[in-house]
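**Student:** Take a look at the letters that make up each chain.
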Amino acid sequence: MKYPMLKWAKDLFPICRSLAGPGNRKTLKYFFKLNKEFKIFKFKSGTKVFDWKIPDEWSVKDAFIQHSSGKKFAEFKKNNLHLVGYSIPVKKTISRKDLMQKIYTQKDQPNAIPYVTSYYNKSWGFCISDKEKKKLPSGSYKVVIDSKIEKGNLEVAEAVIKGKLKKEIFFSSYICHPSMANNELSGPVLLNALMLYVKDKYPKNNYTYKFVLLPETIGSIAYISKFRKILKKNVICGFVLTCVGDERGYSFVNTPNENTLADEAILSSLFNKKNFKRYSFKDRGSDERQYCYPGVDLPVCSFSRSKEYPEYHTDKDNFNVVTQKGLEGSFEAMKDIIDAFELGPYPQNTKICEPQLGKRNLYTSHISQKGIYKEEMYTRKNLLAYSDGKRSLFKICNLLKIPLKKIIGQYNILKKNKLLK
Amino acid sequence: MKYPMLKWAKDLFPICRSLAGPGNRKTLKYFFKLNKEFKIFKFKSGTKVFDWKIPDEWSVKDAFIQHSSGKKFAEFKKNNLHLVGYSIPVKKTISRKDLMQKIYTQKDQPNAIPYVTSYYNKSWGFCISDKEKKKLPSGSYKVVIDSKIEKGNLEVAEAVIKGKLKKEIFFSSYICHPSMANNELSGPVLLNALMLYVKDKYPKNNYTYKFVLLPETIGSIAYISKFRKILKKNVICGFVLTCVGDERGYSFVNTPNENTLADEAILSSLFNKKNFKRYSFKDRGSDERQYCYPGVDLPVCSFSRSKEYPEYHTDKDNFNVVTQKGLEGSFEAMKDIIDAFELGPYPQNTKICEPQLGKRNLYTSHISQKGIYKEEMYTRKNLLAYSDGKRSLFKICNLLKIPLKKIIGQYNILKKNKLLK
Amino acid sequence: MKYPMLKWAKDLFPICRSLAGPGNRKTLKYFFKLNKEFKIFKFKSGTKVFDWKIPDEWSVKDAFIQHSSGKKFAEFKKNNLHLVGYSIPVKKTISRKDLMQKIYTQKDQPNAIPYVTSYYNKSWGFCISDKEKKKLPSGSYKVVIDSKIEKGNLEVAEAVIKGKLKKEIFFSSYICHPSMANNELSGPVLLNALMLYVKDKYPKNNYTYKFVLLPETIGSIAYISKFRKILKKNVICGFVLTCVGDERGYSFVNTPNENTLADEAILSSLFNKKNFKRYSFKDRGSDERQYCYPGVDLPVCSFSRSKEYPEYHTDKDNFNVVTQKGLEGSFEAMKDIIDAFELGPYPQNTKICEPQLGKRNLYTSHISQKGIYKEEMYTRKNLLAYSDGKRSLFKICNLLKIPLKKIIGQYNILKKNKLLK
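Protein chains in written order, with our numbering: chain A, 46 to 466; chain B, 46 to 466; chain C, 46 to 466.
Derived from the structure by calculation, the hints contain no laboratory data.
One or more hints might be untrue.
Since the list gives no way to pick out one identical chain from another, each pair is judged satisfied if it fits inside one copy or across any two copies.
Think about it this way: if two alpha-carbon atoms lie no more than 30 Å apart in a straight line, the pair counts; the simulated DSSO-like pairs of lysine-lysine are [stated by the list, open to error]:
| no. | residue 1 | residue 2 |
| --- | --- | --- |
| 1 | Lys122 | Lys415 |
| 2 | Lys71 | Lys446 |
| 3 | Lys396 | Lys196 |
| 4 | Lys123 | Lys81 |
Predicted model, so just to flag it, every value in this text is computed and none were measured.
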């Protein structure tokens with residue numbers, strides 16, 4: 046695998062991302078080095094986007110709690126999850142009792158530091174493990190949050206690889222979480238690897254590919270507010286990439302009507318994989334919430350490895366969860382879909398009635414006898430028999446219960462032999 | 046509960062109803078006192094309605110069998126089920142053997158008096174328990190049936206609560222059974238309670254509500270023969286109310302194509318209730334047979350508590366079966382559907398992309414952390430995400446597997462906040 | 046049963062059929078004696094039909110292997126399966142080792158002679174049981190194949206029984222297998238019996254019936270190449286008859302979209318039969334491969350008793366497998382479909398609302414009491430309730446889960462009573 050996704054994720058792990066601010070800019074710059082096609086769209090703080098307002102930028106120099114004995118706790122510099130996202134600046138001494146109101150823990154996971162934010166409600170707080178909270182000594186505490194909340198820009202990155210066709214295959218991931226590996230970095234690094242793949246493998250790509258990186262929710266809402274018309278016109282299949290770095294299972298979230306090309310495509314690519322799970326749209330979680338919202342209605346599914354996992358939104362979501370092998374599994378699943386689009390997603394027979402495979406050496410035997418054919422010949426003949434130019438290649442996979450990768454192999458052979466177009 | 050449905054049913058229980066006659070008139074007069082909107086449509090005996098003819102009126106003064114010893118059996122005055130419906134007048138003495146041919150029993154329920162009729166085939170007979178039949182002493186019997194079959198009218202009552210919209214929500218029940226509680230009186234009393242509810246709760250109702258009471262089969266056929274065009278034009282959702290007074294289960298009969306607004310509505314109201322059962326149209330039994338017949342094709346489902354129960358069509362169908370609690374359960378199920386129509390059955394988002402719930406205090410938490418939201422917030426967000434103005438509120442319930450009552454609660458909140466219209 | 050299908054099959058069993066040649070001509074002549082309507086369409090060797098070329102004729106006078114000791118093996122005159130189909134002429138002496146390369150056996154069925162062909166790849170070979178192969182003595186062998194491959198014609202037989210309507214019910218079977226009973230002769234003999242039935246029972250048939258006999262694959266491709274337009278215009282329901290002579294199960298292969306009148310019809314006729322199995326189009330095997338191919342798209346299902354059976358394509362496929370009883374079961378299943386078409390496949394009510402069955406003596410009881418009606422009355426009432434002129438009789442069967450034969454009985458009664466048209 047030539048795309049070192051795990052390395053990229055590790056490089057980006059320490060950065061403190063949020064909705065808007067220097068951490069996000071730094072992250073986007075890193076990806077720009079990988080893919081120069083990224084363009085930045087800036088949304089000014091305070092700008093109205095649909096029902097929302099673009100928030101101010103948030104930046105943090107330092108944050109901690111210090112006991113009167115001098116001992117420090119919840120040090121932001123040790124782990125940026127210790128600070129509640131968008132905490133306002135604070136510098137004061139308070140009692141242990143008052144401090145307790147500002148400490149967040151995950152009671153059902155007593156060893157984990159939870160990830161907590163308060164984006165739109167001005168507040169502050171610290172996150173530590175429940176175990177640590179219980180051991181906080183009595184006495185007074187100095188609270189230091191050296192943060193800034195100030196006017197600036199929310200940034201969205203978009204890259205377009207133009208193809209012969211205007212129709213777009215769309216990928217979206219998000220860059221708004223601090224140091225967590227699966228629920229954040231796995232998505233953007235996969236997205237960048239896929240973009241490199243399209244350029245490497247298909248220098249004359251048929252379809253147009255669009256890749257966006259944005260803060261979740263407010264980012265996609267801002268992006269949609271600017272580009273809704275063009276997205277609705279061109280996007281025929283899209284995926285939100287989220288939690289795609291572990292090795293546990295494979296899953297996706299259906300669109301509300303469960304009948305788009307994206308639903309067909311991802312099902313065909315995943316259905317035979319280990320621990321595969323198909324979620325209803327009511328189990329949505331990421332930016333498919335916006336892309337599929339009534340009035341937006343894009344054909345976008347959300348792709349994950351394991352969508353529900355115990356480390357989610359805690360400091361345990363690290364590189365024990367995300368591996369290069371896990372990322373590569375996700376890469377393969379998405380790559381097969383890209384390959385199918387470039388081969389042509391609506392295969393059509395060039396002959397009326399079955400073609401004569403024998404004269405093209407496409408039979409796996411020269412004589413006809415029961416039980417002597419190989420499985421691949423049945424896949425080949427089935428692909429031909431269902432390729433009416435109307436069913437998508439994905440739908441054919443789903444009808445035949447043959448995974449996309451296998452069908453692509455036969456499609457290539459039949460295209461070379463001019464039996465499919 | 047302010048509608049004393051059980052009391053009404055008990056008041057009406059002793060009356061001997063049939064297809065047409067004084068018992069039916071008396072019953073309709075009782076309901077007219079509850080709801081003055083009822084208008085009576087009369088169909089003269091002998092009038093042709095589609096393939097049928099309106100029958101004569103039937104009235105009974107007395108009927109019994111008297112053994113030569115003087116002992117009386119099958120006394121109509123003790124239980125009107127003892128006399129076969131539409132029995133012709135008889136006054137004669139016959140042998141025990143000949144009498145046996147005219148005695149009907151329910152062999153599989155030896156203690157029950159069965160309900161037997163012979164509407165269109167001039168005949169007579171008595172119904173007693175199989176146990177009693179076996180004990181009838183030898184000797185001769187005097188048979189007395191002091192009945193009349195004479196020209197008159199079949200009466201149908203219709204009440205219309207006009208709304209801003211011409212589109213109608215339709216309720217139908219029947220008044221042709223003698224003293225039985227669930228399979229007869231539960232339906233009409235529920236229908237009257239629903240009419241009172243519409244007037245009490247929605248003095249400015251949006252939809253038009255239509256309520257009809259008629260003898261089963263011939264009554265609905267006569268009614269349809271007169272009003273088919275207007276029903277086909279206006280009715281968008283209707284229910285036959287039958288056997289709705291027990292506490293056992295909840296059920297409904299689908300329309301033939303299983304895809305009307307009525308099917309969606311009743312499913313959403315019932316699916317999560319105890320012992321819920323959905324029947325195919327091939328299990329139809331009451332006037333949905335006519336309302337859904339080819340050529341009529343109204344969107345009408347049949348609503349029952351337990352549709353199949355051992356007491357059915359015997360004297361055991363009494364107030365051991367029907368209770369106020371049972372009637373109220375049925376009332377609630379239908380009331381939720383009325384509430385949904387009045388709220389607006391096709392909810393539509395007012396925003397593109399998710400609205401910001403936080404600024405409206407519609408989040409159940411001010412900070413964002415996993416595991417802290419209440420179930421109602423998911424219902425709220427799901428309702429928003431599926432409200433595209435095309436899916437009915439009922440369909441959304443069925444997709445989300447959230448019962449109608451719960452969705453209505455959230456719909457009210459979101460409408461007040463102008464997030465749905 | 047007046048059609049001696051088993052006798053016909055036994056008469057035809059010894060003939061050595063293949064794609065084209067004297068065996069095929071002889072077979073078609075036999076059927077012409079049964080049904081004079083057959084017309085022969087000839088396709089010259091070398092003619093291009095879609096992606097294929099019409100093959101030369103093949104004829105065999107004799108073929109065998111003779112050991113140096115004088116002992117003969119694989120004698121064509123004893124069983125024509127011994128010779129690989131379309132073997133070229135050979136006359137030479139070879140070593141046992143070289144001979145082994147030309148001997149085909151079925152290793153998983155060591156007592157069976159397999160059926161092997163090499164139609165389009167010039168070759169030769171012999172088929173014997175694996176047991177016999179192992180016992181072939183060492184030494185040299187004389188190989189004699191006195192065959193001819195020469196220009197001629199491939200013949201297709203078509204018979205049309207014109208009806209009042211141009212719409213066609215289509216039956217196809219194949220005549221290209223040597224001495225095997227189920228996978229070959231059962232189909233053509235059933236097809237001929239059905240043709241006789243149509244003429245005997247419906248001298249004034251409504252629908253047009255078309256029957257074709259042709260060599261599998263190349264025959265149907267040639268036939269389609271000539272008649273595609275007229276087939277697409279007229280055929281509304283068709284069946285390939287293959288392996289229809291055993292007594293084991295009943296099955297059919299769906300069309301690719303599983304929604305044609307043929308799918309509905311055969312399902313309604315078969316679903317309640319013992320060991321019934323419904324196959325997806327991906328399990329297709331016979332000429333439905335061509336009739337349903339993209340670009341041809343005819344509503345044609347494939348009908349079989351047991352589609353998968355151990356004797357298939359070996360000498361064990363004989364009259365231990367095929368019986369008159371087995372053939373008659375298949376005849377009944379197809380006959381019911383013909384009867385349904387002639388009765389009218391889209392039954393329509395003549396009345397609005399339920400008709401009064403009582404006055405026509407169509408109730409199974411004169412009084413009304415629970416539990417006293419016979420099952421047939423429910424079938425009758427259900428048929429009426431679903432007969433809207435749009436649902437096919439077959440679809441009604443499938444909705445009601447009532448087998449076609451039973452519905453036909455009620456349909457006849459209701460038609461006589463002018464309640465259905």
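**Student:** Now tell me if each hint is right for this structure.
**Tutor:** Here is what the structure says about each hint:
Taking CA atoms no more than 30 Å apart as the test, Lys122 paired with Lys415 passes between copies only; the shortest distance there is 23 Å, against 70 Å inside one copy. Proximity of Lys71 to Lys446 under the C-alpha cut-off of 30 Å is found in neither arrangement, the shortest distances being 44 Å within a copy and 44 Å between copies. Taking CA atoms no more than 30 Å apart as the test, Lys396 paired with Lys196 passes between copies only; the shortest distance there is 26 Å, against 64 Å inside one copy. Proximity of Lys123 to Lys81 under the C-alpha cut-off of 30 Å is found in neither arrangement, the shortest distances being 33 Å within a copy and 78 Å between copies.
The structure shown violates the earlier hints numbered 2 and 4.
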